[in-house]
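Novice: Below are the chains, spelled out letter by letter.
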Amino acid sequence: MKRVVITGMGVVSPIGTNVQTFYDSLLAAKSGIYKQGFSWGHALVAQVQDDIDSPFPKIKRLSLDRVTQMALLAVRQAADQAQIDFAADNGTTAGIYWGTGMGGAITLESAYRDLLINQVPRLRPVTIVAAMNNAATGQIGIDFGIRGPSYTYSSACSSSAVAIGEGFRAIRFGLVRTAIVGGAEALLTEGVFKAWNSLQTLAKLDADRPETSCRPFAADRSGFVLGEGAAALILEEEESARERGAAILAEVIGYGNTTDASHITQPNAAGQSLAMAQAIAEAALTPEQIHHINAHGTGTKLGDVSETNAIKQIFGSTAHAIPISATKALHGHLMGATGAVEFVAVLEALRTRTVPPTAHLFHPDVDCDLDYIVEGKRQLAILDVVMSNSFGFGGNNVTLIARRYPHP
Amino acid sequence: MTSLKIIQQMLVEEFGLSTGQVDPDALLEELGIDSLATIEFMFLIEDKFKLTMPDEPVVVKTVGDIAQEVDSLVEKKEAQGK
Chain X
0 MKRVVITGMG VVSPIGTNVQ TFYDSLLAAK SGIYKQGFSW GHALVAQVQD
50 DIDSPFPKIK RLSLDRVTQM ALLAVRQAAD QAQIDFAADN GTTAGIYWGT
100 GMGGAITLES AYRDLLINQV PRLRPVTIVA AMNNAATGQI GIDFGIRGPS
150 YTYSSACSSS AVAIGEGFRA IRFGLVRTAI VGGAEALLTE GVFKAWNSLQ
200 TLAKLDADRP ETSCRPFAAD RSGFVLGEGA AALILEEEES ARERGAAILA
250 EVIGYGNTTD ASHITQPNAA GQSLAMAQAI AEAALTPEQI HHINAHGTGT
300 KLGDVSETNA IKQIFGSTAH AIPISATKAL HGHLMGATGA VEFVAVLEAL
350 RTRTVPPTAH LFHPDVDCDL DYIVEGKRQL AILDVVMSNS FGFGGNNVTL
400 IARRYPHP
Chain C
0 MTSLKIIQQM LVEEFGLSTG QVDPDALLEE LGIDSLATIE FMFLIEDKFK
50 LTMPDEPVVV KTVGDIAQEV DSLVEKKEAQ GK
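Protein chains in written order, with numbering that gives the first Met the number 0: chain X, 0 to 407; chain C, 0 to 81.
Chain C with its partners taken away, still in its complex shape (with noise of 0.2 Å):
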């Protein structure tokens, strides 16, 4: 998960989190993150990263899942890219 220190450091700033309670597996739910705060979320990931989250809604659930999820898209947008 290379994008998990960048998503975990985001989470601190935009959320007031401490750094010890944005573990990988941490949920989102027990960490005050509801579903609109969620694709709020999602929305700075994308400026960030400047990717485009897909059209259905993204299931995540815990720290390490936005992890994921980034990485795969990251990979997707550079293979296209070749």
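Only chain X is shown next, with the shape it has when bound in the complex (with noise of 0.2 Å):
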């Protein structure tokens, strides 16, 4: 089986519009969540304030959602890195694998806006190709000029996690040579915010600091913020990345993937720890050999005793001794994009040794007993093993696990 290494990444957030703002954002437990004015009313969203649309010509523009667009930049930021050129074989021997929870969701509410209230005679042509889930993906493809396969993954929150691990494995079993890995969300539109209102999991506005209103593992927490972004990955054989002189900036060894099989909505302690012992057991470690987790920690009353619970289910005893971080208090939930960008907040973690806080928990909860580091980010003497979370409503629980490279 092949090694898996990354050569390049890149982050469209709220907090950051390229790998290094998104991270000393993090560090400095700077919030992207506001009350945001939309022409239907306001909203606490994480938002990506940054300018998206300039770096497309307006006519390519026209067939682009906003969640094509993003995707589009992060994977140009992580191309650029990995300095790679897809076409030098012909683009044959890569794969696109990419997540998303709604695809083009803008344009598609955009469009019924039009039929059923302005009652326009006809949609824009445009319609289809800009709202189909696999939008992004074709778009990366003609981009990078990729032939091989592509697919596109939608498990909620877990997506991007999925297509992580699933692009891991296609190298891990010569599927493929390289591959372009993650996923985007852009999904802040009246009907989608309101559905995910009636659902009663959005976190309740604090008025007087909006910007701290999402607070996983704190006994106040009320749920999340949904927000937007895309984060990519080059993910290449170690072997073919050395060939080529690239900077190798970690090593991807562990993915775990399972179904709860018990409640569409409600998280399962057992099905989220067998993710992560199916990760841990594939990339041959012990659970102490982790040095770091970014947690899925959405700041729901009931996830996080439940990812508070699978975890000490694997890590037993050591489980209060690892570091445990929960981003979405500062980025915001970024659905379908939210597990690549915060694998990509984990990977940092690893070049700078230093892991972000679990900002906003103000208020411990006794069930919730674990070190989220609450203090502020925090240098770690030893920090080579890093693990990420994703779970998704539909019962699918991803662990991804990565290492520092070469191994220490």
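Be aware that one or more of the hints could be misleading.
[To be verified] The calculated lysine to aspartate or glutamate pairs, modelled on EDC-like cross-linking and capped at a C-alpha distance of 16 Å, are:
hint, chain 1, residue 1, chain 2, residue 2
1, X, LYS57, C, GLU55
2, X, LYS59, C, ASP33
3, X, LYS1, X, GLU236
4, X, LYS311, X, GLU287
5, C, LYS49, C, GLU74
6, X, LYS1, X, GLU281
7, X, LYS57, C, GLU45
8, X, LYS203, X, ASP219
9, X, LYS59, C, ASP70
10, X, LYS59, C, GLU77
11, X, LYS57, C, GLU13
12, C, LYS60, C, GLU28
13, X, LYS57, C, GLU12
14, X, LYS59, C, GLU13
15, C, LYS75, C, GLU45
16, C, LYS47, C, GLU12
17, X, LYS59, C, GLU39
18, C, LYS4, C, ASP22
19, X, LYS29, X, GLU374
20, C, LYS4, C, GLU77
21, C, LYS47, C, ASP70
22, C, LYS49, C, ASP22
23, C, LYS76, C, GLU45
24, X, LYS59, C, GLU12
25, C, LYS60, C, GLU12
None of these hints come from the bench; they were simulated from the model.
Two chains, two separate frames, one set of hints: put the complex together.
Specialist: Pasting the structure below:
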């Protein structure tokens, strides 16, 4: 089996539209959550504030939903860093493994609004190609000349973590030599927001400090904040990355993927811990060899307790010794993109040997009693193996593990 | 081609092209306007000129072709109105 390394990464997020700014914001506990005004009212969201239009000619933007623009920008960053030319072998040995929860949600809702409210006689001809869930996947293929396999994964909040895991496996098993992996989400529309709101999983607004409204693992947590963004990574066979002299950022060594088979929304600690166990087994490690976890940590009442218990089930007496970050408190819940964004966060933790805090944890919860790094960013003397959890509605649980390269 | 100037202005505004690019003989494909973008543009023209394009696809290859098509439809519409 092949070893799989990372040679490039890119991020478009509410707290920075490049990896450096994104991670600096996490370490500084800078929140991207605001009470934002929309044409339909105010909502607590984590929106990408930077301009994502001007990098695309107006004519190209016609058929691009916001989700695809963010996807392409993240992939561009990753490909630039990797300094890779996919066309070198006609693009046939490269694949795309991309995740999104709701694809071109903005285009779709705008079309429904035009049709049902504005009563326009017909819809824009690009509606389908901009809204379909594999729009970003297809556009990535066009822009980067990828002619190998392409897959679009949609498993709610674990979508892009699945995409990374499956891309990792495809290289590991020799199906492709390189892979563009990651995910994007842009669903801050009236319909989507109100649908989530009805589900009673969204954080209540702290009127005095809106930016602190999402509080994972805290006693006063009330849910998550919907966000948008994208993250991309370039994965390569170790051998081919070395042959072309690429700078290797880290190695992907483990992936777990399980299904709860219990409830469509309620988390299940058994399913979550099994995903972690699978990833640790594939990495040929023992739990105490994991040095840092980026938790799924959405800030919901049930979810955070379930994940805490799942971690305890796997790590046993060492669970309290692992520094755990829940970065959704700062960048919001980027849904289908969140797994990839948080995987970039753990890779940056490896590089900087510094882990970000779980922000806004002012009031500890007795049921969530692990080391969530509440005091602010923390430098770790030993930080060589990192884990990221992503759990999705539908009961899909994904764990990814990466290791410093070369392995110490 | 009475509609040419308006068409050219619309191409500049909608597609971010320069005025120098939208010569009547300019091929749409070479301007980066593919079949999807052409349909999108024809829909905008319908709104602008209050026209209805025929059901069968309109074959337009150049900027001038669009203007000729629009002129012809405007003429037909005016004739019907008389």
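Novice: It remains to establish, for every hint, whether it holds in the given structure.
Specialist: These are the hints, each one checked on the structure:
{"no.": "1", "hint": "LYS57(X) - GLU55(C)", "in the structure": "violated (28 Å)"}
{"no.": "2", "hint": "LYS59(X) - ASP33(C)", "in the structure": "holds (10 Å)"}
{"no.": "3", "hint": "LYS1(X) - GLU236(X)", "in the structure": "holds (6 Å)"}
{"no.": "4", "hint": "LYS311(X) - GLU287(X)", "in the structure": "holds (12 Å)"}
{"no.": "5", "hint": "LYS49(C) - GLU74(C)", "in the structure": "holds (12 Å)"}
{"no.": "6", "hint": "LYS1(X) - GLU281(X)", "in the structure": "holds (13 Å)"}
{"no.": "7", "hint": "LYS57(X) - GLU45(C)", "in the structure": "violated (20 Å)"}
{"no.": "8", "hint": "LYS203(X) - ASP219(X)", "in the structure": "holds (10 Å)"}
{"no.": "9", "hint": "LYS59(X) - ASP70(C)", "in the structure": "violated (28 Å)"}
{"no.": "10", "hint": "LYS59(X) - GLU77(C)", "in the structure": "violated (35 Å)"}
{"no.": "11", "hint": "LYS57(X) - GLU13(C)", "in the structure": "holds (7 Å)"}
{"no.": "12", "hint": "LYS60(C) - GLU28(C)", "in the structure": "holds (7 Å)"}
{"no.": "13", "hint": "LYS57(X) - GLU12(C)", "in the structure": "holds (9 Å)"}
{"no.": "14", "hint": "LYS59(X) - GLU13(C)", "in the structure": "holds (11 Å)"}
{"no.": "15", "hint": "LYS75(C) - GLU45(C)", "in the structure": "holds (14 Å)"}
{"no.": "16", "hint": "LYS47(C) - GLU12(C)", "in the structure": "holds (13 Å)"}
{"no.": "17", "hint": "LYS59(X) - GLU39(C)", "in the structure": "holds (12 Å)"}
{"no.": "18", "hint": "LYS4(C) - ASP22(C)", "in the structure": "holds (10 Å)"}
{"no.": "19", "hint": "LYS29(X) - GLU374(X)", "in the structure": "holds (14 Å)"}
{"no.": "20", "hint": "LYS4(C) - GLU77(C)", "in the structure": "violated (20 Å)"}
{"no.": "21", "hint": "LYS47(C) - ASP70(C)", "in the structure": "holds (13 Å)"}
{"no.": "22", "hint": "LYS49(C) - ASP22(C)", "in the structure": "violated (24 Å)"}
{"no.": "23", "hint": "LYS76(C) - GLU45(C)", "in the structure": "holds (12 Å)"}
{"no.": "24", "hint": "LYS59(X) - GLU12(C)", "in the structure": "holds (14 Å)"}
{"no.": "25", "hint": "LYS60(C) - GLU12(C)", "in the structure": "violated (19 Å)"}
Hint violations for this structure: numbers 1, 7, 9, 10, 20, 22, 25, all remaining hints satisfied.
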